[in-house]
Amino acid sequence: MLWLGVAYLGALAALLITSLWTQDDFTGTIQRAWTLENFRTLFTVEVYRTITVRTIAIAALVTVVDVVLAFPIALYMAKVASPRLQRLLVIAVLMPLWASYLVKAYAWRGMLSADGPIAWIASPFGLGTPGYGLVATTITLAYLWLPYMILPVYAGLERVPDSLFEASADLGGGAWTTIRRVVVPMAFPAIVAGSIFTFSLSMGDYIAVKIVGGTGQLLGNVVYDNSSTANNLPFAAAVATVPIVVMLGYLAAARRTGALENL
Amino acid sequence: MRRIPTKRLAAIACAGALALAATACGTSSGDGDGGPKAGEEQGGFTAPDVPMLDKLGDMEGQVNILAWPGYAEDGSTDKSVDWVTPFEKETGCQANVKYFATSDEAIQLMKSGEYDVVSASGDASLRLIASGDAAPVNTDLLTNYGDIEDFLKDRDWNSVDGQMYGVPHGWGANLLMYTKDVVKPAPTSWGAVFDDASKYAGKVTAYDSPIYIADAALYLMKTQPDVGIENPYALDKDQLAAAVDLLKKQKANVSEYWSDYLKEVAAFKSGDSVIGTTWQVIASTIGDSVDAVLPEEGSTGWSDTWMIGAKAPNPNCGYAWMDYITSPKAQAAVAEYFGEAPANTKACGLTSDASFCETYHATDADYADQIWYWTTPISQCLDGRTDTECTDYGDWTTAWTEIKG
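Here the protein sequences come in this chain order: S and H.
For the first sequence, our numbering assigns the number 340 to the last residue and increments by one with no breaks.
For the second sequence, our numbering assigns the number 614 to the last residue and increments by one with no breaks.
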C-alpha cells in the first residue's frame with residue numbers, strides 16, 4: 078500500500094508541481110519558478126477549450142456506443158446462452174485483449190483507408206469510407222474498449238435472479254417491458270462501472286487519434302505534442318490535469334450510483 | 210509563453226540569423242582563439258562552457274546515433290542500402306541508431322544525455338548549443354573535415370564565434386510530392402496545397418511541426434507582396450496571423466498531418482494522400498507512382514550538422530562516426546539515398562548517377578543560399594527589422610496547435 082502511495086500519488090504530485098513551472102522557449106530548459114502562467118494559457122486560449130470539449134464528447138460518444146453494443150451481447154451471454162456457449166463467448170470477448178493495442182489500431186487504419194475493405198464494401202452503394210478523422214477515432218476507440226464494457230455488464234446481469242424475469246412475465250410484462258423496467262435498472266450500476274473504463278480510457282488516448290484521427294487532436298495529443306516535440310513539459314503537465322479533474326468529477330458522480338461496488 | 214531575457218535574445222538573433230549569409234554580426238572564422246567562451250562579438254550570446262575533446266582515445270565499442278530517417282541505414286530497410294555495417298567493421302563500434310521525426314523530438318531526446326551524436330537541422334542546432342547539450346567539435350581530429358565545402362563551414366547555425374559545434378552533413382529542399390495518376394496537370398507551385406488545395410479535398414497532407422508555418426509564409430512571401438514577408442522565419446504578429454489563416458484554410462482539405470515518414474509512405478501508397486510536402490527519401494521509398502518537384506516559389510529546406518552530445522557516453526566512437534559519415538564513400542551513399550547535396554563534394558565522384566551533384570547543386574554556393582533553411586524563429590526579427598517584434602518559436606508552437614484546432 079505504501080508503495081502504491083509513493084509511486085502513484087508521488088508521480089501525480091510531481092506532475093502537479095511541474096505544471097507550476099515554466100520553460101525557456103528557445104533552449105527548452107525547465108525554469109523552476111512558481112507561476113500560474115500555464116493554467117492562464119490553458120483557460121484563456123480558445124483552442125484548448127475546444128479540444129477539451131471535443132475530448133469529453135468523443136469519450137461520451139464512445140461510452141454510449143459501447144453500452145449499446147455491449148448490453149445485448151452481455152444479456153445474451155448471461156441469460157440465454159448455454160453454460161458451454163457462455164464460456165466460449167467469454168473467451169471470445171477476452172480474445173481481442175490478447176492482441177496489441179497498436180495492431181488493432183493499425184488494423185482499423187487499414188480498414189478505413191481509401192483502398193480498404195470498408196471503401197470496397199460501401200462503393201456499390203455509392204458510399205465511401207468515412208476516412209481518417211473523428212468518426213474513425215470513435216469507431217476505433219469503441220472497438221478497443223468494448224470488452225471493458227461487456228465484462229462488468231455481463232457480471233452485473235448474472236447477478237439478476239432468473240425468478241425476476243418469471244415474475245415480470247407473470248405480471249404481464251413483455252420482453253421489452255421486462256428489460257426496461259427490471260433488467261436495466263438492476264444492471265445500471267454495472268453499466269456505470271463499465272463506463273468508467275471506456276470513458277477514462279478514451280479521455281487519455283492519443284495513439285489511436287494519431288493513427289486514424291486524421292487532422293483531429295484530443296487532449297492526449299496536446300500533452301504528447303508538448304512533452305515529446307515542443308519540449309514544454311510544464312505546459313504538458315498543466316494540460317494533463319484537465320482529464321484528471323474531469324475523471325474525478327466522473328468518479329464522484331459514479332459513486333452516487335453505487336457503481337464502484339460493482340467493479 | 211515565457212520570454213527569453215532580451216539581452217540574450219539580441220545575441221541569439223545575431224548567432225541565429227541562419228541562412229542569411231551576410232549579417233553584420235555573423236560568425237567570424239579563422240581568428241585562431243575560437244574558444245566557446247569568446248562570444249562577446251555576437252552581442253552577448255555565450256555558449257555554455259562545454260569542454261572539447263583534445264585527443265582521441267580507445268573506442269568504446271558502441272555509439273548511440275540520433276538521426277533523421279535515412280541518415281544511418283544498416284540494410285534493414287533495403288539490403289543494398291547499408292553504410293552502417295562497414296562503419297561497425299572498420300571501427301569496432303556497434304551503432305545503435307534511433308530515428309527522430311521532428312527537430313523538437315531530437316532536442317528532447319538529446320536532453321536525456323544518452324546519445325553521442327545527432328544530425329541536427331538549423332532549427333535545432335543552435336538550441337542544442339544554447340542549452341549546453343552539444344559540445345564543441347575539435348575538427349583537427351576529423352580526417353575528412355578538410356574536404357567539406359567551405360560555404361558550409363563556420364556558418365551561423367553550426368558554429369559560435371569561429372568554433373565549430375559539428376560537422377556539416379548535407380543540405381536540400383523540402384519538395385512537393387504528388388501521385389502521378391491523380392494529380393493532373395503536374396503541379397509547379399505550392400499553390401497546389403494552399404489556394405488550390407480544394408481540388409484534392411481530403412487528400413492533401415502536410416508536415417506536422419510548427420516549422421511548417423514557414424512553408425505557408427514562403428508562399429505568402431512570393432504570392433502576396435502586401436503582407437510584406439522578407440524571410441519566412443521572421444514573422445511579426447500580423448504576418449504570422451496571415452500564415453495561420455492560410456494554414457487553417459488548408460486544413461479543411463488535409464487528410465492528415467505526417468511526422469512519421471513511414472505514415473506518409475503508407476498514406477500515399479493507399480491513396481489516402483495524393484499531394485503534399487515531402488522529402489526526397491520518402492518519394493524514393495514509395496517509388497514510381499509519385500513524383501517530387503521543387504516548386505517555382507522555391508522552398509524551405511535543411512542544412513544538417515552532425516553534433517556531439519555534451520554528455521556523450523561514447524565520445525571516441527562518436528568522433529569516429531562523424532568522421533566516417535563525412536567520408537566521400539559514406540557521403541555518396543547517404544546523399545544519393547536521402548536525396549540531398551553532400552557536404553563533402555569528393556562524394557560526387559562516387560555516386561552511381563554521375564550527374565548527381567549537378568542535379569542537387571552540391572558545389573553551387575549561390576543556389577544553396579536561395580533555400581530558406583530551417584531556422585528557429587526568435588523575437589528579434591531575423592530579416593533585420595528593428596521597428597517591430599517578431600513571433601518566436603513558442604508563439605509558433607501555440608499557433609500550430611490552433612491551426613490543428
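If you are wondering where the hints come from, they were derived from the structure by calculation, not from laboratory data.
Using N, Cα and C, we set each Cβ at its ideal position, and we do this for glycine too.
Honestly, I wouldn't trust all of these hints.
Unchecked claim - Below are the SDA-like pairs computed for lysine to any residue, each with C-alpha atoms no more than 20 Å apart in a straight line:
{"#": "1", "chain 1": "H", "residue 1": "389", "chain 2": "S", "residue 2": "181"}
{"#": "2", "chain 1": "H", "residue 1": "472", "chain 2": "S", "residue 2": "263"}
{"#": "3", "chain 1": "H", "residue 1": "320", "chain 2": "S", "residue 2": "179"}
{"#": "4", "chain 1": "H", "residue 1": "460", "chain 2": "S", "residue 2": "181"}
{"#": "5", "chain 1": "H", "residue 1": "520", "chain 2": "S", "residue 2": "179"}
{"#": "6", "chain 1": "S", "residue 1": "181", "chain 2": "H", "residue 2": "471"}
What the hints assert, rightly or not - Facing chain H, from chain S, some residues (calculated, C-beta under 10 Å):
{"#": "7", "residue": "89"}
{"#": "8", "residue": "106"}
{"#": "9", "residue": "109"}
{"#": "10", "residue": "113"}
{"#": "11", "residue": "125"}
{"#": "12", "residue": "127"}
{"#": "13", "residue": "129"}
{"#": "14", "residue": "134"}
{"#": "15", "residue": "163"}
{"#": "16", "residue": "190"}
{"#": "17", "residue": "210"}
{"#": "18", "residue": "212"}
{"#": "19", "residue": "232"}
{"#": "20", "residue": "236"}
{"#": "21", "residue": "245"}
{"#": "22", "residue": "277"}
Here is what the structure says about each hint:
The suggested pairing of residue 389 of chain H with residue 181 of chain S is violated, with an alpha-carbon distance near 32 Å, which exceeds 20 Å. Proposed proximity of residue 472 of chain H and residue 263 of chain S is contradicted: the alpha carbons are some 47 Å apart, above 20 Å. Under the criterion of a C-alpha separation no larger than 20 Å, the hint pairing residue 320 of chain H with residue 179 of chain S is inconsistent with the structure, at around 28 Å. For the suggested pair residue 460 of chain H and residue 181 of chain S, the alpha carbons sit about 27 Å apart, so the restraint of at most 20 Å is broken.
Between residue 520 of chain H and residue 179 of chain S, the direct Cα distance comes to roughly 34 Å. Violation of the 20 Å bound is thereby established for this hinted pair. Pair hint residue 181 of chain S plus residue 471 of chain H holds up; C-alpha atoms about 18 Å apart against a cutoff of 20 Å. The interface hint given for residue 89 of chain S is violated, since its Cβ lies 22 Å from the closest Cβ of chain H, which is over the 10 Å cut-off. Given the 10 Å rule on beta carbons, the hint for residue 106 of chain S holds: about 5 Å separates it from the nearest Cβ of chain H.
A least Cβ separation of about 12 Å between residue 109 of chain S and chain H goes past the 10 Å threshold, and the interface hint is therefore violated. Look at residue 113 of chain S: its Cβ only gets to about 12 Å from chain H, farther than 10 Å, so that hint breaks. Here the hint on residue 125 of chain S is kept, as its CB sits about 8 Å from the closest CB of chain H, short of 10 Å. Look at residue 127 of chain S: its Cβ gets to within about 6 Å of chain H, closer than 10 Å, so that hint holds up.
The interface hint given for residue 129 of chain S is broken, as the beta carbon of that residue sits about 13 Å from the closest beta carbon of chain H, more than 10 Å. The beta carbon of residue 134 of chain S is not positioned within 10 Å of any beta carbon in chain H (closest approach about 14 Å), and the interface hint is therefore violated. Hint status for residue 163 of chain S relative to chain H: violated, with the closest Cβ pair at about 40 Å, above 10 Å. Hint status for residue 190 of chain S relative to chain H: holds, with the closest Cβ pair at about 4 Å, below 10 Å.
Taking 10 Å as the C-beta contact cut-off toward chain H, the hint placing residue 210 of chain S at the interface holds, the least distance being around 9 Å. Hint status for residue 212 of chain S: violated, given a least beta-carbon distance of 13 Å to chain H, over 10 Å. Interface hint at residue 232 of chain S: violated, since its Cβ lies 39 Å from the closest Cβ of chain H, which is beyond the 10 Å cut-off. Proximity of residue 236 of chain S to chain H is violated relative to the hint, the smallest CB-CB distance being about 45 Å (cut-off 10 Å).
A cut of 10 Å between beta carbons decides the hint on residue 245 of chain S: the least distance to chain H is about 50 Å, and the hint is violated. Checking residue 277 of chain S against chain H by beta carbon gives a least distance of about 24 Å; that is not within 10 Å, so the hint is violated.
Of the numbered hints stated above, those contradicted by the structure are hints 1, 2, 3, 4, 5, 7, 9, 10, 13, 14, 15, 18, 19, 20, 21, 22, listed in ascending order.
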